[in-house]
Amino acid sequence: MEVDSENGLLQRKQATYQSLDETFLIAKETYKGQQYSQIYFARLHLMRTMLYSLLPTWKPHLPSCTVLGLEQGKECIIVGTLYKHMKLKPSVLDEYSKERSASPLVQPRNFLHSDDYLVLEDESGRVKLRGALLLPSVYVTGTVVALHGKETGAGDFELEDVLEAGLPHQIDRPLNSGEDKFVVFVSGLSVGSTSANPLHFQLFVDHITGHLGGEKEQGMAAQIVQVVIAGNSVEIGRGLLNGQNLGSRDQSKLSEPIKELDILMSQIAAGIPVDIMPGEADPANFALPQQPLHRCLFPGSAAFNTFRSCTNPHSFELDDVRFLGTSGQNIDDLAKYSDATCKLEFLERTLRWRHIAPTAPNTLGCYPFTDRDPFFIEMCPRVYFVGNQEKLDTSVIKGSDGQVVRLVCIPKFAETGTAVMLNLRNLECHALTFGSQFDS
Amino acid sequence: MAETDTIGIIDEIHSFISDRLQVISYKWLSRNFLVSSNAAKRLLEEFVEKHGGGLAVIYSLSGWLKSNPTTYHIRLVPSHMLSDAKEEFDGKCSVQVYSIQACLPKDPATLWNHEFVQAEDLFKQPSTLDNCLRDNRFCGVSNSFVKRTVGGTPLGSGSLQVKSTRVSGLSSSSIPQATADPRSIQKNFQNAGSNPGAQPLNTEKPVKTEGNVKPDPAQVAEKEKVPRPLLNNKKGQNNKNSSGSGGSLASMWGRASAKPKPDACLAQAEKARQGSFVSAKAQICARESAEHEISDDDDDDKAFTARRTSNGEGSRKRRAVFNYSDEEDEYDNAISLGSPDPPKKSALCSKESLNTSASECNISFEEKENKPKIKEVKEDDVKAKPMVKEEKESDVKAKPKVQKEKESELKVNYQHLRANIATVSNDKKAESPTSEKTQCHVTEKDASRKNTMANDVPKRRKVVKTRIDEKGREVTEVVWEGEEQDTKSNNNNSAKIADSCTASNAINRPPAVRKSPAVGNAAPANQAGKAGNKKAATKDPKQGNLFSFFNKA
Chain A
1 MEVDSENGLL QRKQATYQSL DETFLIAKET YKGQQYSQIY FARLHLMRTM LYSLLPTWKP
61 HLPSCTVLGL EQGKECIIVG TLYKHMKLKP SVLDEYSKER SASPLVQPRN FLHSDDYLVL
121 EDESGRVKLR GALLLPSVYV TGTVVALHGK ETGAGDFELE DVLEAGLPHQ IDRPLNSGED
181 KFVVFVSGLS VGSTSANPLH FQLFVDHITG HLGGEKEQGM AAQIVQVVIA GNSVEIGRGL
241 LNGQNLGSRD QSKLSEPIKE LDILMSQIAA GIPVDIMPGE ADPANFALPQ QPLHRCLFPG
301 SAAFNTFRSC TNPHSFELDD VRFLGTSGQN IDDLAKYSDA TCKLEFLERT LRWRHIAPTA
361 PNTLGCYPFT DRDPFFIEMC PRVYFVGNQE KLDTSVIKGS DGQVVRLVCI PKFAETGTAV
421 MLNLRNLECH ALTFGSQFDS
Chain L
1 MAETDTIGII DEIHSFISDR LQVISYKWLS RNFLVSSNAA KRLLEEFVEK HGGGLAVIYS
61 LSGWLKSNPT TYHIRLVPSH MLSDAKEEFD GKCSVQVYSI QACLPKDPAT LWNHEFVQAE
121 DLFKQPSTLD NCLRDNRFCG VSNSFVKRTV GGTPLGSGSL QVKSTRVSGL SSSSIPQATA
181 DPRSIQKNFQ NAGSNPGAQP LNTEKPVKTE GNVKPDPAQV AEKEKVPRPL LNNKKGQNNK
241 NSSGSGGSLA SMWGRASAKP KPDACLAQAE KARQGSFVSA KAQICARESA EHEISDDDDD
301 DKAFTARRTS NGEGSRKRRA VFNYSDEEDE YDNAISLGSP DPPKKSALCS KESLNTSASE
361 CNISFEEKEN KPKIKEVKED DVKAKPMVKE EKESDVKAKP KVQKEKESEL KVNYQHLRAN
421 IATVSNDKKA ESPTSEKTQC HVTEKDASRK NTMANDVPKR RKVVKTRIDE KGREVTEVVW
481 EGEEQDTKSN NNNSAKIADS CTASNAINRP PAVRKSPAVG NAAPANQAGK AGNKKAATKD
541 PKQGNLFSFF NKA
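Protein chains in written order, with full-length UniProt numbering: chain A, 1 to 440; chain L, 1 to 553.
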């Protein structure tokens, strides 16, 4: 018995890890009356330079000008930030307005309305856009695009063509080389929630750390080189967080879920490198980019060199495969203010717009950066993941330059019992589901 | 693995299931008996084959689903659904025994509970240790790149060392070792209980004690069998240490724990004496430190807990002696209790089943709902004081009797005590601002206390309640509240606790009460140590606020 258990001990595969989170770290966080205009300025500046460089290949014959420089009837290209005027966009001022508004009811799904229209804006001015090419339901405030068209007599801009930034450059890396190595994504663990079944998380931990199953299963587990926890790992009762001082008993309610998470996570960290990203429901800052959860929240896990507390958005390289992902806020916000057939479409759009979170800071909380826009995507990731979605969804998109990106929507584990396994070799994905059923 | 060992474990499983109605999952088994997960699964399978009848077995199935070929599914099913569930998998799915229990749980989370409690216990062990939870040594996949770094020794106190020695038996193979030669890991597992060389550096005593046990496989097997009669999985580790090396170890502990005591107690007495002349504040300090020292000693004794209880001698009640700030002379007397010659004391201690966590709570009289072990014996608190006064010398011997004695006296004493408190508390207000903190406790049960006192003790829990009485005075008293819980823990009483409680007078209590609102439900071992340390830091009652802040984290 001793002999074969010795032989049965598998070695876990390893992958080189490089964190690329520094752009999302806020070194000297200050709130001294910065305005959000600077983010838009930085974004427009970055994107315009980039879009201008694309113009010669797109429409070399057309001049580019600013909004202020538009002349009636003259075809030209303007580059600016889109603003979507939305009838239903909630405003804090609504509740103070004296007059009864006749605004239509908000749809259950999002704030779209058929009367929404787009406006393009740059430093010099803004112009209302017309034409069926640019659907208001697709674009959101904050996107930077180049538009081909001409000014009409009414002062609107009649669209003829649209240029989006497109997928950024991707470092070439031959796929299908090397051996199978897996990255596991999980999100929405909601430890401490009444609906979550802790057994499933335990099974998950046991499976990936190589406790569960026979030799075959443990062989699979040994191929896992990285675990990424993409947000919403704990759930703390809303009633507790009402801004009032808590009694000593309630304080433990506050800390118990985090402790439980720490215990389970330290079991993972004892076997596999694990990255934890903060999410909407986690005890982290609200505004993007969310800063790493403090290590002292996880005294057990933090002792391991395999434990990394990361930012949200989170970017890293694993064996030269570049990953980029968020805990889902950016995509959820896009879903509120624009429309798509599936969540993957939102992911694709943000990549093509070269911006992780175009709706920040408009409708998405965001730190008022003064000198840069950290959500600008400079390099195209190989894997782009988003946490806390309803269901697992994945696809591959290809860019014009031969970029290949695997898009992954990670479902909420607490609700679906599903984690996502991604093969680093060929970027194939499969689900890892857990279930328990004791009565027929 | 030795054949005898396997048989031993299987026997144990039998008793766990039939006597305790416990859920035995492979992982629990592996951590409890220090075998690898795979070995534990085999054991369970073997057990099911041999004694499967009448047991509910839960299997874990894993494989690719037929309905969705890109889904790798892992599922737990009971035996009667096994064949159906297999159908849903594509091709050959792997089937393992996950857990066995007397009956199927209604809520799947029940399965998880046992494991989690165990994991929590391991987790709560001092961070300097590498236990099987931290180095993942029982899994089938090893990762030599995992390192744990503990920045210094976070707890850094004597009690920590003592504690770590106690559990060190479990945790001898550290990661670096394991990784140095993965092949040897398995061996390490089995020797884990008795590998002296691999113990953490800060364990001085145990190295010696462990030395009694040779890391020879046969003996390991022997050893692993011995501690089986665990009263409780939580104490498994302690058990292993104490019972593993038998009586000699016990005497070892006895000596160890007894040694510091005379000094400590003398010091306390000294301090207390001074205190009676100096300011009230000085007294507080003296008592705080006295209490702290004693509680450290209590830690020492913890090693005995398991063995004592398993010996079935744990029928004695804990007692607590209260002392109030106007009774310095009493305090001296009470303290001198601790001073009598060490051997006697340790013998006495070893008879009593002292549960440290319980003792901790006893000291703090706190409403810790999460700690099942907290109920204590009320009578002693009231009684002990007079006793202490009268029977200075004989007290040590008399202690066993004390709690069985005259319930009738209680009332008298109680009145006496109350009077004391009442008068004291007025002064106390001025002295210790923090004592007001405790006032939030209301004493609805105050009236009922006298009645309940005499009754069945084990069902109650002691709680400090403070209120303002009709005359506007502040009355702090200890009341019985709630009922639950196992008699076992009630038996965990000790002379030392009496001592420490003597030290913890009305003024000492407030900081203790604030100490920890409710930390986890099931790690008596660490609880005590932590509390001890905290107390050490709480020299000044005012600092209590700080600690309540830290507890939030």
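Misleading hints may appear alongside valid ones.
[As the list claims (entries may be wrong)] Listed next, the in silico DSS-like pairs over lysine-lysine satisfying Cα-Cα at most 27 Å (straight line):
| # | chain 1 | residue 1 | chain 2 | residue 2 |
| --- | --- | --- | --- | --- |
| 1 | A | LYS59 | A | LYS128 |
| 2 | A | LYS59 | A | LYS89 |
| 3 | A | LYS391 | L | LYS147 |
| 4 | L | LYS147 | A | LYS13 |
| 5 | A | LYS336 | A | LYS128 |
| 6 | L | LYS66 | L | LYS50 |
| 7 | L | LYS50 | A | LYS150 |
| 8 | L | LYS471 | A | LYS216 |
| 9 | A | LYS216 | A | LYS13 |
| 10 | A | LYS398 | A | LYS89 |
| 11 | A | LYS13 | A | LYS74 |
| 12 | A | LYS59 | A | LYS336 |
| 13 | A | LYS391 | L | LYS50 |
| 14 | L | LYS147 | L | LYS66 |
| 15 | A | LYS398 | A | LYS87 |
| 16 | A | LYS253 | L | LYS106 |
| 17 | A | LYS87 | A | LYS343 |
| 18 | A | LYS391 | A | LYS343 |
| 19 | L | LYS106 | A | LYS216 |
| 20 | A | LYS253 | A | LYS89 |
| 21 | A | LYS13 | L | LYS50 |
| 22 | L | LYS106 | L | LYS147 |
| 23 | A | LYS343 | A | LYS398 |
| 24 | A | LYS128 | A | LYS150 |
| 25 | A | LYS128 | A | LYS74 |
| 26 | L | LYS50 | A | LYS216 |
[Stated by the list, open to error] Chain L residues, not near chain A, derived (Cβ > 10 Å throughout):
| # | residue |
| --- | --- |
| 27 | SER30 |
| 28 | LEU104 |
| 29 | GLY140 |
| 30 | LYS147 |
| 31 | GLU470 |
To be clear, the hints were calculated from the coordinates, so they are not data collected in a lab. These numbers were taken from a predicted model, which means no experiment stands behind them. The beta-carbon is built from N, C-alpha and C at its ideal position, and this holds for glycine as well.
Hints versus structure:
1. A:LYS59 <-> A:LYS128: holds, 22 Å
2. A:LYS59 <-> A:LYS89: violated, 35 Å
3. A:LYS391 <-> L:LYS147: Not OK: A:LYS391 and L:LYS147 at ~35 Å, beyond 27 Å, violated.
4. L:LYS147 <-> A:LYS13: holds, 16 Å
5. A:LYS336 <-> A:LYS128: Holds, because 22 Å separates the two Cα atoms, which is no more than 27 Å.
6. L:LYS66 <-> L:LYS50: With a Cα-Cα distance of about 33 Å, the restraint between L:LYS66 and L:LYS50 is violated, given a limit of 27 Å.
7. L:LYS50 <-> A:LYS150: Roughly 86 Å separates the two Cα atoms, so the pair is violated.
8. L:LYS471 <-> A:LYS216: It is violated: about 76 Å lies between the C-alpha atoms, which goes past 27 Å.
9. A:LYS216 <-> A:LYS13: Holds, because 15 Å separates the two Cα atoms, which is no more than 27 Å.
10. A:LYS398 <-> A:LYS89: violated, 33 Å
11. A:LYS13 <-> A:LYS74: The hint is violated at about 62 Å.
12. A:LYS59 <-> A:LYS336: Between A:LYS59 and A:LYS336 the Cα gap is close to 34 Å, so the pair fails against 27 Å, i.e. violated.
13. A:LYS391 <-> L:LYS50: Since the Cα atoms of A:LYS391 and L:LYS50 sit roughly 44 Å apart, the hinted pair is violated (cutoff 27 Å).
14. L:LYS147 <-> L:LYS66: violated, 40 Å
15. A:LYS398 <-> A:LYS87: violated, 35 Å
16. A:LYS253 <-> L:LYS106: Between A:LYS253 and L:LYS106 the Cα gap is close to 25 Å, so the pair holds against 27 Å.
17. A:LYS87 <-> A:LYS343: holds, 23 Å
18. A:LYS391 <-> A:LYS343: holds, 10 Å
19. L:LYS106 <-> A:LYS216: It is violated: about 31 Å lies between the C-alpha atoms, which goes past 27 Å.
20. A:LYS253 <-> A:LYS89: This hinted pair is violated, its Cα atoms lying about 36 Å apart.
21. A:LYS13 <-> L:LYS50: Roughly 38 Å between the alpha carbons, so the hint for A:LYS13 and L:LYS50 is violated.
22. L:LYS106 <-> L:LYS147: With a Cα-Cα distance of about 39 Å, the restraint between L:LYS106 and L:LYS147 is violated, given a limit of 27 Å.
23. A:LYS343 <-> A:LYS398: holds, 17 Å
24. A:LYS128 <-> A:LYS150: Holds, at roughly 12 Å.
25. A:LYS128 <-> A:LYS74: Holds: A:LYS128 and A:LYS74 sit about 16 Å apart, inside 27 Å.
26. L:LYS50 <-> A:LYS216: Satisfied, since the Cα-Cα distance of roughly 26 Å is no more than 27 Å.
27. SER30: Answer for L:SER30: violated, closest chain A Cβ roughly 8 Å.
28. LEU104: The claim is violated: L:LEU104 sits with its nearest Cβ about 5 Å from chain A, within 10 Å.
29. GLY140: Violated, since 4 Å does not exceed 10 Å.
30. LYS147: violated, 4 Å
31. GLU470: Per Cβ check, L:GLU470 is outside 10 Å of chain A; nearest 28 Å; holds.
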